[in-house]
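Those protein sequence lines, which keep their order, are chains A and B. Here my numbering is used: position 2 in the first sequence is 97, and no number is missing along the way. Here my numbering is used: position 349 in the second sequence is 462, and no number is missing along the way.
Don't take every hint at face value.
[To be verified] Quick list of in silico lysine-lysine cross-link-like pairs, DSS-like style, CA-CA up to 25 angstroms: (1) 483/B <-> 250/B; (2) 122/B <-> 479/B; (3) 479/B <-> 513/B; (4) 415/B <-> 434/B; (5) 415/B <-> 123/B; (6) 513/B <-> 233/A; (7) 239/A <-> 479/B; (8) 415/B <-> 250/B; (9) 483/B <-> 239/A.
Hint data in this document are derived by calculation from the structure and do not stem from the laboratory. Note that the coordinates shown come from a computational prediction; the quantities given were computed from them, not determined experimentally.
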Amino acid sequence: MSPSGLTDLYREVVLDHFRNPRGRGTLPTPPAVRADGYNPYCGDEVAVYLETGEDGAVRLAWEGVGCSISQASASMMARGVAGKTPAEAAELMQRFREMLQVHEGRLDDKADDAGPETLDRETQKELGDLMALEGVVKLPVRLKCALLPWTTLAEAFNHLG
Amino acid sequence: MTLDAATVKKDFPLLTARGELVYLDSASSSQKPRAVLDAMTDYYESTHANVHRGVYAMAEEATSRFEGARAKMARFLGAAKASEIVFTKNVTEAINLVAHSWARSELREGDVIVLSEMEHHANLVPWLMLANERGVKLRYLPVDEEGRLDLADLDQTVDGARLVAVSGMSNVLGTINPIRRIADAAHAAGALVLVDAAQLVPHVAVDVADLDCDFLGFTGHKMCGPTGIGGLWAREELLERMPPFMGGGEMIRDVRLDGFTTNDPPWRFEAGTPPIAEAIGLGAAVDYLEGLGMEAVREHEKALTTYALRVLAERHGDRLKVFGPTEIDDRGGAISFAFGEVHPHDVSQILDDQGICVRAGHHCAKPLMKRLGVNATSRASLYVYNDESDVDALSAALDKVTGFFG
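Work out the full structure, taking the sequences as your base and the hints as a guide.
See below:
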């Protein structure tokens with residue numbers, strides 16, 4: 096990676112979420128469900144607490160230890176998902192995976208070699224800060240870091256039923 | 114005899130070709146000298162045939178080179194006989210061989226195996242599997258604050274045990290464990306001793322008689338040899354009694370449709386066509402290390418590790434915390450560290466950007482990570498081709514980590 100590659104990976108937005116994580120904490124279980132995610136390659140851990148209010152909106156908290164990428168991704172996820180319906184949250188998750196070029200049916204979580212796909216403006220707006228994580232696309236190991244909170248969120252949605 | 118790392122480095126084509134690269138991950142896997150690569154290529158280009166089968170001259174030559182590698186390895190470890198060396202694909206398979214063959218035929222429910230908190234997964238999981246399957250009990254030697262085994266209660270811990278299985282040198286902390294002392298206590302209690310020597314054999318002259326162990330596992334790719342080859346040394350009378358591990362060709366004496374009889378050790382444990390070129394490469398690695406002299410290798414690494422610990426402490430102060438013993442006689446060149454609050458993944462990423470290869474993660478030793486109170490560490494590990502310039506490059510590159518993460 097070139098020096099510009101490093102700045103591309105560690106963008107200011109990413110470092111800001113890492114230094115000032117949003118949505119960090121816990122929710123009482125029950126009524127919330129808890130899912131735990133581990134990255135067997137590096138030992139990173141994320142726990143996601145999830146519940147839906149009477150209005151159908153998602154409430155989410157998370158805690159974890161890990162690298163700047165996994166922690167920033169969790170923080171951005173918490174901000175992106177909070178207040179959305181489960182369907183909208185699933186939609187955001189899908190958009191995020193598309194940005195990282197993780198496609199359904201591929202089990203290895205690896206990005207394609209083709210380089211970042213061009214996302215339409217609406218998708219970019221929807222992703223917001225999460226767009227800043229696109230630097231991990233070229234780094235298969237770090238891609239797992241970025242995805243860890245999201246695979247844990249998916250697990251939490253499964254628990255919610 | 115002293116070792117000149119700059120000269121040694123010229124023996125390693127990858128390091129020569131990538132002159133800018135600072136390779137500090139030899140505890141994961143070492144680079145290979147040209148002599149090893151040449152030995153493997155020469156075998157394939159001049160002599161390849163299956164071993165222990167053909168009667169034609171070339172097949173005999175292949176068998177002779179393969180068995181010659183076994184003899185070299187045996188001599189390197191101070192084994193009494195070449196037939197005490199069983200080739201496996203790595204140390205993991207060597208330990209699994211003991212767990213499947215010796216332990217499953219000898220141990221009963223309630224029997225005790227003693228391990229330590231600093232083991233990597235290869236010397237934990239085979240025994241955890243056995244505990245689940247057979248009801249064997251596991252006890253652990255604790256690790257103290259300095260990253261050494263706490264042997265205060267050694268005699269009580271090994272009392273009544275059937276096997277004590279410990280690492281010769283920690284892949285995380287670099288700690289060299291007092292195997293002879295542990296072996297004496299274990300034998301006094303009637304237990305056998307297995308040494309996971311994956312990290313020890315590449316860096317320290319090993320003599321199985323001096324260690325007084327009963328089993329010793331090693332791997333080729335950390336000692337200048339190729340991947341896919343390693344082995345188990347065990348005392349002859351133990352191997353004689355052990356049942357086969359895997360079934361197939363080579364490990365049999367006779368096969369009928371209603372049964373079979375097994376071959377003698379070590380071939381009893383080497384079912385199927387073995388990794389012939391890899392074994393020959395390992396033999397060449399032994400020649401290479403003997404050429405350098407294992408005493409010189411150890412002295413070089415002691416001097417360089419001392420330099421590294423000093424330089425890193427001087428430049429980075431309290432920000433850099435090294436895990437493991439500081440006393441140089443008690444440790445090898447694997448230096449695990451925390452760098453401020455920066456996650457090892459991020460440290461490694463920024464070092465990689467400056468051409469420096471270090472390992473980041475839990476080093477396949479999650480229980481030890483828990484004991485150290487961390488999820489992961491960064492680890493720089495030194496070998497024969499590293500010199501002070503590599504350490505200086507690492508130390509300088511860490512400044513950039515500070516630059517990014519404050």
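Cross-check of the supplied hints:
{"no.": "1", "hint": "483/B <-> 250/B", "in the structure": "holds, 21 angstroms"}
{"no.": "2", "hint": "122/B <-> 479/B", "in the structure": "violated, 33 angstroms"}
{"no.": "3", "hint": "479/B <-> 513/B", "in the structure": "violated, 28 angstroms"}
{"no.": "4", "hint": "415/B <-> 434/B", "in the structure": "holds, 19 angstroms"}
{"no.": "5", "hint": "415/B <-> 123/B", "in the structure": "holds, 21 angstroms"}
{"no.": "6", "hint": "513/B <-> 233/A", "in the structure": "holds, 21 angstroms"}
{"no.": "7", "hint": "239/A <-> 479/B", "in the structure": "holds, 19 angstroms"}
{"no.": "8", "hint": "415/B <-> 250/B", "in the structure": "violated, 38 angstroms"}
{"no.": "9", "hint": "483/B <-> 239/A", "in the structure": "holds, 22 angstroms"}
Hints 2, 3 and 8 from the list above are not met by this structure, while the remaining hints are.
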